[in-house]
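Take these sequences, add in the hints, and give me the full structure.
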Amino acid sequence: MTLASPARRARTTPPWWFMAPALLLFAFVVLVPSARGVYYAFTDWDGLDPHHSFVGLGNFADMVRDADAVQAIWHTLVIAVSITLVQNAVGLLLALGVNSAIKSRNVLRVFLFAPAVVTPIVTAYLWRNLLGPDGAVNSLFGAVGLDSWRQDWLGSADLALWAVVAVIVWQFAGYSMVIFLAGLQSVPQEVHEAAALDGAGPVRRFWSVTRPLLAPAFTINLMLSIIGGIKLFDQVYALTGGGPGHATDTLSTLIYKDAFTLGEFGYSIALAVVLTIIVAVASTGQYAVLSRSERAAS
Amino acid sequence: MNRYRPRTLALELGMIATALVVGFPVYVLANLAARPASDTSSPIRPTGSPTLENFTHAWQQGALGGALANSVLVTACSVAIVLAVSALAAYPLARVTARWSRSTYLLVLLGLVLPFQLASLPLYQTMRDLGLLGTPWALVLFHSGLQVPFTVFLYVGFLRALPRDFEDAALIDGCTPLQGFRYVVLPMLKPVTVTALVLNAVAVWNDFFTPLLYLSGSDRQTMPVAIAGFVGQYVTDWNLIFAALVISILPVLLVYFLLQRIIINGFAGGLRG
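Protein sequence lines correspond, in order, to chains A and B.
One point on numbering: in UniProt numbering, the residue at position 136 of the first sequence is 136, and numbering is uninterrupted.
One point on numbering: in UniProt numbering, the residue at position 94 of the second sequence is 94, and numbering is uninterrupted.
Rather than coming from a laboratory, the hints here were simulated on the basis of the structure.
Since the model is a prediction, treat every value here as computed from it, not as a measurement.
One should not assume that every hint holds.
Unchecked claim - Partial list, computed: chain A residues near chain B (C-beta under 10 Å):
(1) 35
(2) 116
(3) 117
(4) 129
(5) 137
(6) 155
(7) 182
Glycine included, each C-beta is placed from N, C-alpha and C at the ideal position.
Below, the structure written as structure tokens:
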């Protein structure tokens, strides 16, 4: 027993060089290029020519005048907010359904999550066909007598953005479900029973017992969907290519086009800086709000 | 609450109906991939003459076997590297309370917020100068660095909740720090390693933007880029395209259904990690 106290004081301090490989990779791939990116945003760099000149805020001033860029920023925000609301609402309902006494709950959980592991570009190409004028969605509406619902979903400037949102919700609602489900399963059964004994109905039990304990699941789900929505590229690229016209262009698709089809790397990186600012504001803002409500709940 | 009541049956039927809606695209995918191009009836009518012809054509003309091999190579190498370096780095970051350790950790967490679009264009230039463009190694290098912040974050969170007594005992018994890490800490990290493995593997496998940039025009494409190229080439030949989509999905779904418990827990595990 006398040996215990010197033993406790002999702390293992892992050496700093354990961090070296990870930090080198991180610096090479993320930090240094990001810093260079911020610098290039103030130049007219074309991506090839090492010579470039400093243009100050020129790229950002161009952006304000560029209707496509302003629209793309707006689309990015609309998509991120819609996905966040719809995907999490659907995911929560699915989680409540799968967390009930139904017999198919295990099969359904595995089945409903499956789309989330499939490559987004692949499911997006599938949906491009399904949503086409002669696609399966219109055929289905025709078959059940809803001919007036038939639309050119991706070819219409009014509908295409919502079609993109629907495809993403289809793919990732199961992801939200799985995270909510983990939260639901952490709610002890006894707490529910106690509340029921006290006369609380199912809605009241959900609101007063389940919801506060789901706070960590909400934090993760909202974070994932809003950041995923802001960075969205693959599905727009495959479904509409940003079209019709620029009706579905997001910041990411515009960054890609400006850099690789127009050769305007400086301008494209300025758009990436705006994207970075939006992600930073959204995630810190959300984190602040949600961690306050998490503290309030606990 | 756990009894099966008439309301439970209604819920059960409702959930199954929802699952059918979710599964509808998969049915159409299989139906179109399996029918000959001459069949132009409604896409929702099951085909009367199923064929495997589209699959053999897609496999040969799309060079999908090579793409599959490239995807496996890139995913396996990237995930192995990122797990190894991140677990190692997380050890001092979680255990040392000195200032340099805390500020380094904050710097790494900054990487969670920086979108890869910002770094990918300047990095494109660096990869070109190094002659790595068009090779799978550009992707391995990229993912190994890009996934560091998230993976370190998972490991540090997990390590901070672990008691230090075993490591201290190992040190007293004369282990070097590296031995202590290898034989004492690493085995305890197994649960979070499974989570990190699943999430990183899915992220790397499914990535499209980076290989689109770094591998365009090369013959060493990963599956997502090969599929995009295939769609671009056979624009309206949807039966053939659908067969290619099925081929690219099958290995993923096969792994998913075999390891579904581990994979679903991995995705849900971010909650506890």
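We went through each hint and held it up to the structure:
1. 35: Holds, because the Cβ-Cβ distance from residue 35 of chain A to chain B comes to roughly 9 Å (cut-off 10 Å).
2. 116: holds (7 Å)
3. 117: With a closest approach of 5 Å, the residue 117 of chain A hint holds.
4. 129: Hint holds; residue 129 of chain A Cβ to chain B Cβ min 5 Å, cut 10 Å.
5. 137: holds (9 Å)
6. 155: The hint is violated - residue 155 of chain A has no Cβ within 10 Å of chain B, the shortest such distance being about 15 Å.
7. 182: It holds, given that the least Cβ distance between residue 182 of chain A and chain B is near 4 Å, below 10 Å.
In this structure, the one hint that does not hold is number 6.
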